[in-house]
Amino acid sequence: MEEDEILTEVGGRDQDKSSSFVFEEAFSRNIGWLSEWEQQILRTKKVAIAGMGGVGGAHLLTLARLGIGAFHVADFDTFELPNFNRQVGATVSTIGQPKVDVVAQLARDINPELDLALFPAGINQDNMDAFLKGVDLFVDGFDFFVLDMRALVFARCAELGIPAITAAPIGMGTAYLVFMPGHMTFEEYFRLEGIPIEQQYVNFLVGLAPKAFHRSYLVDPSRLDLAARRGPSTAMGCQLCAGVTGAEALKILLGRGPIRSAPRYHQYDAYRGKWHLGWLPAGNRNPIQVFKRKMGYRMLTQLSHEMPTAASPKSNTEIEAILDMARWAPSGDNTQPWRFEIKDPHHVVIHGFDTRDYCVYDLEGHASQLSVGALLESMAIAATRYGFRTDIQRELEAAETHPKFEVRFVPDATIRPDPLWPYIPVRATQRRALSMRSLTPREKNALEDSAKPAFSIYWLGGLGIRLKVAQLLFMNGKLRLTTPEAYEVHRKVIEWNTQFSEDRIPDQAVGLDPVGVQLMRWAMKSWSRVKFLNTYLGGTLLPRVQLDFIPSIACAAHFLIIAKKTPQSIDDYIAAGRAWQRFWLTATQLNLRLQPEMTPLIFSTYIRDGVEFSKNESSLRLAEKLSSQLEQLISPEISQRAMVMGRIGAGSAPKARSVRLPIERLMVS
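Every letter in the sequence shown is one number past the one before it in the numbering used here, and letter 99, counting from 1, is 99.
Because the hints were derived from the structure by calculation, they are not lab data.
Mixed in with the good hints there might be a few duds.
Only pairs whose alpha carbons sit at most 27 angstroms apart, straight line, appear in this in silico DSSO-like list of lysine-lysine [as the list claims (entries may be wrong)]:
#1 Lys478 to Lys468
#2 Lys525 to Lys478
#3 Lys655 to Lys274
#4 Lys492 to Lys525
Pair ranges (Cβ atoms, derived) [stated by the list, open to error]:
#5 Leu396 to Thr440: 42 to 50 angstroms
#6 Gly257 to Thr440: 43 to 51 angstroms
#7 Lys468 to Val92: 53 to 61 angstroms
Computed from a prediction, not measured in an experiment: that's the story for all the values here.
Each residue gets a CB set at the ideal place from its N, CA and C atoms; glycine is no exception.
Sequences are here, hints too, so could you generate the full structure?
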């Protein structure tokens with residue numbers, strides 16, 4: 001064994017740190033739950049902890065505060081940014097430092113008399129016996145995906161007669177097992193030997209958490225990727241692990257209280273408020289567990305894929321970081337009508353385009369212009385994070401169908417980060433039902449202020465008014481679903497069987513229930529199927545009820561963003577897009593959800609401007625009726641100045657959403 005594999009730091013007080021330390025006084029608040037004699041017993045105990053990450057570091061500090069006097073601790077890793085959400089000791093000042101050193105120092109600051117043996121090279125077969133020598137208890141702090149060494153350590157503990165605890169943070173809860181000498185072993189319970197490593201992960205997970213309380217609130221399953229050895233975690237789960245492990249350690253080390261060892265298992269989920277003490281005779285060989293394992297193996301492929309994330313931009317410069325944030329601006333059907341050309345570290349050209357050549361909802365280019373405006377506002381907001389003022393100039397020579405914008409980022413010492421910048425990547429469309437509680441005066445004032453001074457907000461609230469809007473959108477849904485030109489758009493923009501889409505709308509985000517999604521997928525195979533469904537089976541009824549009528553009522557209010565004068569140029573729509581983005585980001589900041597409802601305005605504008613958007617006469621007549629009903633609802637004068645329409649309300653965040661193309665695919669030379 002190499003000499004640097006173990007660094008022992010035995011008791012012995014550092015006068016500077018321990019001159020005022022008195023063990024009995026430091027841990028006197030334990031007395032009552034412990035007797036004074038039991039506290040002294042814990043002072044003589046030694047615990048081995050493998051891993052100083054999310055749970056291991058919390059274990060060490062919790063057990064040190066319990067008054068346990070000696071530890072063997074092991075970890076070969078260093079702290080990095082992805083550790084910040086959960087790991088004890090992970091701070092800006094400790095990035096790059098060995099975890100075992102940092103957490104050991106925290107423990108010594110709790111009890112300068114600690115007998116600490118550090119294993120900075122981690123645990124291996126050569127130093128395992130030294131790691132377990134003389135210990136009274138082993139506590140598992142290994143990363144979830146470290147199964148080979150975990151199994152070896154538990155097996156060695158069984159041979160040496162050492163009690164062992166494994167506690168895993170599962171979502172916002174914990175699942176834990178106790179393995180006592182002479183009882184069921186780790187391998188007998190989990191059954192890991194002789195199967196591929198990916199299947200071992202499944203066995204370990206279903207054995208730890210047979211009840212799977214966490215599954216109902218896992219909002220993004222793509223983040224659980226067993227094959228890539230990664231998964232989401234929370235600080236709450238890690239702290240709960242340390243709490244239950246501390247309680248079990250106390251019972252084991254003092255020989256008191258019931259110790260329910262494997263095949264008994266324990267699960268507690270704070271998010272759902274559920275606790276379960278279960279019994280799995282034969283462990284993972286139990287018939288129910290065999291079924292769960294097989295289901296897990298089937299799901300493994302679905303879980304093993306990567307999705308883009310807004311949280312980890314691959315940008316090397318400030319301008320790239322700004323663009324990486326700005327690309328999350330909203331756009332109709334996730335078309336992302338922009339490309340970036342970086343000229344120098346403070347200068348970028350935005351190449352816009354519209355979709356009038358193929359999208360019935362953008363025949364005048366206004367929908368795309370609103371989106372480009374939202375992008376420019378996102379850039380300006382993101383730039384403040386880096387102390388830049390943003391100067392934007394549209395190139396007047398560029399065609400309206402392909403507008404260009406010269407954007408320069410000017411350092412400005414007076415600039416402070418805009419409070420809306422963190423909400424740019426998390427803003428999303430929620431097409432499902434929202435809360436019907438009214439907006440508070442504070443919420444309405446903040447939203448109205450976000451659009452000033454060039455725009456105002458026109459509210460359509462109250463149940464009676466929302467019912468009228470629901471009738472309007474129910475008619476609008478029929479127009480969308482029976483217009484042949486709209487069918488071509490819908491057919492192209494939906495990505496099937498997915499929760500996220502880089503360049504389209506995932507079917508899980510559309511807002512239909514599973515039956516509606518399957519019906520829509522069948523119909524979208526051809527226009528003849530759509531016509532058959534609409535003619536003979538009332539095919540528009542289900543989607544119109546689910547996508548238009550019910551959501552129109554199930555919200556706090558509908559709103560319109562109104563310009564001071566009737567829009568006439570591309571600049572008017574760019575300005576409206578900028579105000580629209582600030583409004584949406586403000587709603588997100590207020591923890592409100594939002595869904596755009598643009599098509600009534602679009603079709604009304606077509607009727608007013610004489611744009612023939614369809615060859616279908618019934619579609620044109622229906623659009624005329626829709627326009628008339630809209631003007632009755634909000635007046636012709638307001639209708640002409642309405643730039644954006646949508647619904648808003650409190651509610652849960654969407655579980656599926658459109659994401660964005662990676663930044664490298666949005667760059668042009």
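A quick look at each hint next to the structure:
no., hint, in the structure
1, Lys478 to Lys468, "holds, 16 angstroms"
2, Lys525 to Lys478, "holds, 19 angstroms"
3, Lys655 to Lys274, "holds, 23 angstroms"
4, Lys492 to Lys525, "holds, 11 angstroms"
5, Leu396 to Thr440: 42 to 50 angstroms, "holds, 44 angstroms"
6, Gly257 to Thr440: 43 to 51 angstroms, "holds, 49 angstroms"
7, Lys468 to Val92: 53 to 61 angstroms, "holds, 54 angstroms"
Checked against the numbered hints above, the structure breaks none of them.
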